[in-house]
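Enquirer: Turn these sequences into a full structure, and let the hints guide you.
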Amino acid sequence: MKPVFICIALLLVFCASALAAGSLNLPVDVNFGAVDRNTSISKAFTIKNDGNESLTAINISSDAASKWNVLFAPSSIAVLAPNASQSVTVSAHVPTDESGNVNIGSVRISSAELSPVIFPIKAAVGGDLFIEDLNVFIIGTTDTNDNVTVQAVKDGETIKESIRPGGMVEFSVRVRNELVSDDKEDAEAEDVFVTITIEGIDDGEDVEEESTTYILGQGDSEWIDVALGTPTFVEEGLYDVIIVLEGDFEGDTITQEWAVKLEVKKKQHDIIIEKAEIFPASIKCSGAGTITVMLANRGGSYEGMVRVTAMNPALGINWEEKGIAIDEMEGPDDEKHAATVPFEIREGTAAGDYPITISAYYSDTIIDDTTVVELIVAACDGTVEPLEEEAAPAAEPPEEGTSEMTTPTEAAPAEEQGSSGITIPRPANIAATVEKSIWEEPVFLAMVIGANVLFLGIVIFAIAYFVLIKR
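Residue numbering for the sequence shown follows this note's numbering, starting at 1175 and increasing by one per position.
Since the hints were derived computationally from the structure, they do not count as laboratory data. Among the clues, some could well be false.
Taking lysine-lysine and the DSBU-like style, the derived pairs with C-alpha atoms no more than 30 Å apart in a straight line are [unchecked claim]:
#1 1449 / 1496
#2 1328 / 1496
#3 1458 / 1510
#4 1510 / 1328
#5 1449 / 1439
#6 1510 / 1496
#7 1241 / 1217
#8 1334 / 1440
#9 1334 / 1222
#10 1296 / 1328
#11 1222 / 1328
#12 1328 / 1241
#13 1439 / 1334
#14 1296 / 1222
#15 1435 / 1334
#16 1440 / 1328
#17 1439 / 1496
#18 1441 / 1510
#19 1496 / 1440
#20 1496 / 1241
#21 1435 / 1496
#22 1510 / 1449
#23 1217 / 1334
#24 1449 / 1328
#25 1334 / 1241
Predicted, not measured: the structure shown is a model, and the values here were computed from it.
Expert: In structure tokens form, the structure reads like this:
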């Protein structure tokens, strides 16, 4: 019997030891229930120590993917006394690429006295029409002038690259349709479009643009682009940009809104040619005209040594005005500088299109902006296409006693003045057909004369011969 009592005693000691140890009372799981994409969610659960001893160094963690951004508050408990409890809040952000019943990951709770305990985190992510990604293209940044920069931006963030006044910004929004319908083929989102609004940037007024509309099938995504221009004259600072997605599904309007911030920052020097106009735009033969140039200071400081030039060597235009002072501008009605460029076109200038380059400088020598105006110089007289030559009449057969000879005529003038005053081109060195009598031919006359002389010579010789014989 003694061994039996010993075994029972050891069992009682073991049980007492077990009862003396801490014991955690935990939920079976953490279930967020029905949630939407791209939303922040949270849920609380309770940890209780059912044991008779305190639990120390309790740590709470998760193996969920980083895209869920699962956090615990608190994430550790130094001491949890017997029969004490602690509420823990778990929060997460639902990614845009999840749908349906999702096992997010597990909660892992460990302590110095107990082995780790694990239980799941779940959510039912509903289908939706939503903004999946946003890329921002800036044309005309503060530091890179006209270069294009692009960056990915999330809801609530500030666009890292600043934009200068008068720059262009394009928002490229990727929209995805994960709407759920009984018939998957019918889960189309219709009239899907994006509206971008930059609030208060235009002298207190909003600048707003809307995209074209799209139809998105279930599971499809589309990049929707919207471009806006910032005003030429605007105060520096951060401006709220509101991105609104809208679409129709089964008679209901679905909307989602993002908000980001855009910084406007001026360059230190930014002299611009706001306007350059030439009058008249066309000059015939010769004449005079003017170019009106409007300069503005879009930069962040006063400019006292501005220079403007107009150049075209072919027309002899080499004009400049220097020592111009222009204050920093905050609005379209602030001070600007108007310059007038006179020019004269000399007679004999070749007809054609002549580009005249207008350039603006700060600090007298550093070029900051350039534009070109075109002057058309027309010919003094109108131009007429050459007339077609008339066909020559067929030559009649030559009369008897005549020969048809082709002789070159004298070179005619290349052009003749017609009765209408229009210059008519005429070809030179055209062969002409001339009819002459055979008696007018010098060769024939020489032959006749030669024959007569020969005949007279023979007659004289014969007479002389007979006279000599008779003697």
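Enquirer: A separate judgement is required for each hint: does it hold in the structure or not?
Expert: So, going through the hints one by one against the coordinates:
1. For the proposed pair residue 1449 and residue 1496, the alpha carbon gap of about 18 Å is at most 30 Å, so the pair holds.
2. Distance restraint check for residue 1328 and residue 1496: the Cα-Cα separation of roughly 48 Å exceeds the 30 Å cut-off, and the hinted pair is therefore not satisfied.
3. About 33 Å separates the Cα atoms of residue 1458 and residue 1510, which puts this hinted pair outside 30 Å; it is violated.
4. Using a Cα cut-off of 30 Å, the hinted pair residue 1510 and residue 1328 is violated, with the two alpha carbons roughly 40 Å apart.
5. Distance check on the hinted pair: residue 1449 and residue 1439 sit about 23 Å apart at the alpha-carbon level, within 30 Å; holds.
6. As the CA atoms of residue 1510 and residue 1496 are separated by approximately 15 Å, the hinted pair is consistent with the 30 Å bound.
7. As the CA atoms of residue 1241 and residue 1217 are separated by approximately 18 Å, the hinted pair is consistent with the 30 Å bound.
8. This hinted pair checks out: residue 1334 and residue 1440 have alpha carbons roughly 15 Å apart, not beyond 30 Å.
9. For the given pair, residue 1334 sits about 46 Å from residue 1222 by alpha-carbon distance, which is inconsistent with the 30 Å threshold.
10. With a C-alpha separation of about 25 Å, the suggested pairing of residue 1296 with residue 1328 holds against the 30 Å cut-off.
11. Restraint check for residue 1222 and residue 1328: not satisfied, since their Cα atoms lie roughly 39 Å apart, outside the 30 Å limit.
12. A threshold of 30 Å between alpha carbons decides the hint, and for residue 1328 with residue 1241 the separation of about 13 Å falls inside it, so the pair holds.
13. Between the alpha carbons of residue 1439 and residue 1334 the distance comes to roughly 12 Å, so the proposed pair stays at or under 30 Å and holds.
14. Restraint check: the Cα-Cα separation between residue 1296 and residue 1222 comes to about 22 Å, which is no more than 30 Å; the hinted pair holds.
15. At most 30 Å may separate the alpha-carbon atoms for a hinted pair to count; residue 1435 and residue 1334 meet this at roughly 9 Å.
16. Restraint check for residue 1440 and residue 1328: the C-alpha separation of about 25 Å stays at or below 30 Å, so the hint holds.
17. The straight-line distance between the Cα atoms of residue 1439 and residue 1496 is roughly 28 Å, inside the 30 Å bound, and the hint therefore holds.
18. Between the alpha carbons of residue 1441 and residue 1510 the distance comes to roughly 18 Å, so the proposed pair stays at or under 30 Å and holds.
19. Among the hinted pairs, residue 1496 with residue 1440 is consistent with the structure: their alpha-carbon atoms are about 24 Å apart, no more than 30 Å.
20. About 60 Å separates the Cα atoms of residue 1496 and residue 1241, which puts this hinted pair outside 30 Å; it is violated.
21. Proposed proximity of residue 1435 and residue 1496 is contradicted: the alpha carbons are some 40 Å apart, above 30 Å.
22. Among the hinted pairs, residue 1510 with residue 1449 is consistent with the structure: their alpha-carbon atoms are about 11 Å apart, no more than 30 Å.
23. With a CA separation close to 34 Å, the supplied pair residue 1217 and residue 1334 exceeds the 30 Å bound.
24. With a CA separation close to 38 Å, the supplied pair residue 1449 and residue 1328 exceeds the 30 Å bound.
25. Of the pairs offered as hints, the one joining residue 1334 and residue 1241 holds, with about 22 Å between alpha carbons and a cut-off of 30 Å not exceeded.
The structure fails hints 2, 3, 4, 9, 11, 20, 21, 23 and 24 (numbered hints given earlier, in ascending order).
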